[in-house]
Amino acid sequence: MEKTDAIIIGAGPVGLFAVHQLGIKGLKSVVIDNLDKAGGQCIELYPDKPIYDIPAVPECTGKELTKKLLEQIKPFQTKLNLNERVEEVKQEKEAWIVKTNNNNEFMAPNIIIAGGVGSFEPRKLAVKEAEKFEDRSLFYAVRDKEKFKNKNISIFGGGDSALDWALELSKFSKINLIHRRDDFRGAPHTLSEIKKLEKEGKISIKTPCQLESIEGKDNITSITLKFDEGKTEKIKTDIVLSFFGLIMKLGPIAEWGLNMNKKTIEVNSENFETNKKGIFAVGDICDYPGKLKLILSGFHEVALASVECFKRARPNEKYRFEFTTSSKTIQGRLGKK
Amino acid sequence: MAKIIYKNNDGDFKTVEVENGLSVMEGAIQNEVAGIDADCGGSMACATCHVYVEEKWLNKIPKVEEAEVDMIDMAYEPKKNSRLSCQIIVSDELDGLEVTTPVKQS
Chain E
-12 MEKTDAIIIG AGPVGLFAVH QLGIKGLKSV VIDNLDKAGG QCIELYPDKP IYDIPAVPEC
48 TGKELTKKLL EQIKPFQTKL NLNERVEEVK QEKEAWIVKT NNNNEFMAPN IIIAGGVGSF
108 EPRKLAVKEA EKFEDRSLFY AVRDKEKFKN KNISIFGGGD SALDWALELS KFSKINLIHR
168 RDDFRGAPHT LSEIKKLEKE GKISIKTPCQ LESIEGKDNI TSITLKFDEG KTEKIKTDIV
228 LSFFGLIMKL GPIAEWGLNM NKKTIEVNSE NFETNKKGIF AVGDICDYPG KLKLILSGFH
288 EVALASVECF KRARPNEKYR FEFTTSSKTI QGRLGKK
Chain V
406 MAKIIYKNND GDFKTVEVEN GLSVMEGAIQ NEVAGIDADC GGSMACATCH VYVEEKWLNK
466 IPKVEEAEVD MIDMAYEPKK NSRLSCQIIV SDELDGLEVT TPVKQS
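Sequences listed follow chains E and V, in order. Using our numbering, you'd call the opening residue of the first sequence number -12 and step up by one each time. Using our numbering, you'd call the opening residue of the second sequence number 406 and step up by one each time.
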């Protein structure tokens, strides 16, 4: 079990800034996030879309903001536990113990939940048979390409993931690319490659249509598509790959005994503590009168929460408010001379 | 001010008076209409406020933008009359607008 001063759940912009606010106060932290990279919604939902309301940054993309925040917290050498999800939280005297799906255990007097609107999970196919084939012949991500050699593969989706995998897997398998409309979203170069492979008969494009049903016993043997004009077509398929983006699920957080308001956690607006002492919620996931779901609000919230975290982590020390501009101690922590 | 009728697949409906300038999504969130989650808060980034717009209203609301169509690709069972309710801004002209939430949304 690893002991630290604060466990931060969520590596979005507010979770990352939490590392900074704790770090300049001399507190150590760990960050846990379900995604494979830092940035949260900024990276997953709008990496290339502009943000115009970060103070003193007239314009930046989600990706740029994340990069800058990672640079800002670099001096603290905080470990980001990615691809990891918090499963269980329990109390032990004044401390909290957090268990993850990778069987890691962390112990700290403080937990900061910066979970956005929950953890991201692939959006699943709506047909009822889908679940029984999941991870056998239906996949929402490609982890091991080898499994997809010399097969009949049906790929659903119209975005980059669907197009890129259609191209890649067409090297050694027969691909059906299925989309609800004739237009695909994707880099022009990728689109022209796809068209070329269609002419060569390596990729067969089925539009505008949607999945009607999946057939098969233990594994998928065929799928039935329904076209917009009403006709249906059954196609031989061994593997279905579905790329309809990610959705957000609150997950186990809902069961930790925190006061919730729909999908948000109630906090006070003095230090953003929840109804449990030492558990804080900041950013989009917290709720208090007047709450705005803005990145800048999250930065403010975590700055205040970190003060209370200090008091809990260092009960015998007095908290002193300091400016980064003038404090030698803080500058030392930031590695500045 | 406009009356917006939010229907679900079972035929149940809820009529809500929504102020001009708010989106159909905001009208739903403020009045706890089930089936409209709006996880991203209205930034056209999640498709959890996806609705089917009653055919006769389709020409009366602003045309769909490309970014919105791209996002609707991600939604459950998109149809020709699919829209993201965060992109439909309420005005007097939309009084009586009917939208239906898909069977599954989140």
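A couple of the hints might just be wrong.
Reference listing, derived: stretches of chain V covered by chain E, where coverage requires no fewer than 3 residues with Cβ under 8 Å from a Cβ of chain E [unchecked claim]:
| hint | stretch |
| --- | --- |
| 1 | 421 to 428 |
| 2 | 441 to 447 |
| 3 | 481 to 493 |
Stretch-level coverage of chain E by chain V, calculated; a stretch enters the list once three of its residues show a Cβ under 8 Å from a Cβ in chain V [as the list claims (entries may be wrong)]:
| hint | stretch |
| --- | --- |
| 4 | 56 to 62 |
| 5 | 70 to 78 |
| 6 | 135 to 146 |
In short, the hints are calculated from the structure, not lab data. All figures in this text were calculated on a predicted structure; none of them were measured in a lab. Backbone N, C-alpha and C fix where the C-beta goes; we use that ideal spot for every residue, glycine too.
For each hint, the structure was consulted:
Three residues within the 8 Å Cβ limit are the bar, and the stretch 421 to 428 of chain V against chain E gives 0, so the coverage statement is violated. As drawn, the stretch 441 to 447 of chain V meets chain E at 4 residues by the rule of a beta-carbon pair under 8 Å; at three or more, the given contact holds. Check on the stretch 481 to 493 of chain V: 4 of its residues sit with their Cβ under 8 Å from a Cβ of chain E, so the three-residue criterion for coverage holds. Counting residues of the stretch 56 to 62 of chain E whose beta-carbon sits less than 8 Å from any beta-carbon of chain V gives 0, not enough to reach three: the coverage restraint is violated.
Proximity of the stretch 70 to 78 of chain E to chain V, defined as three or more residues with a beta carbon under 8 Å from a beta carbon of that chain, is not established by the 0 residues found. Given a C-beta distance limit of less than 8 Å, the hint that chain V covers the stretch 135 to 146 of chain E holds, as 3 residues qualify and 3 suffice.
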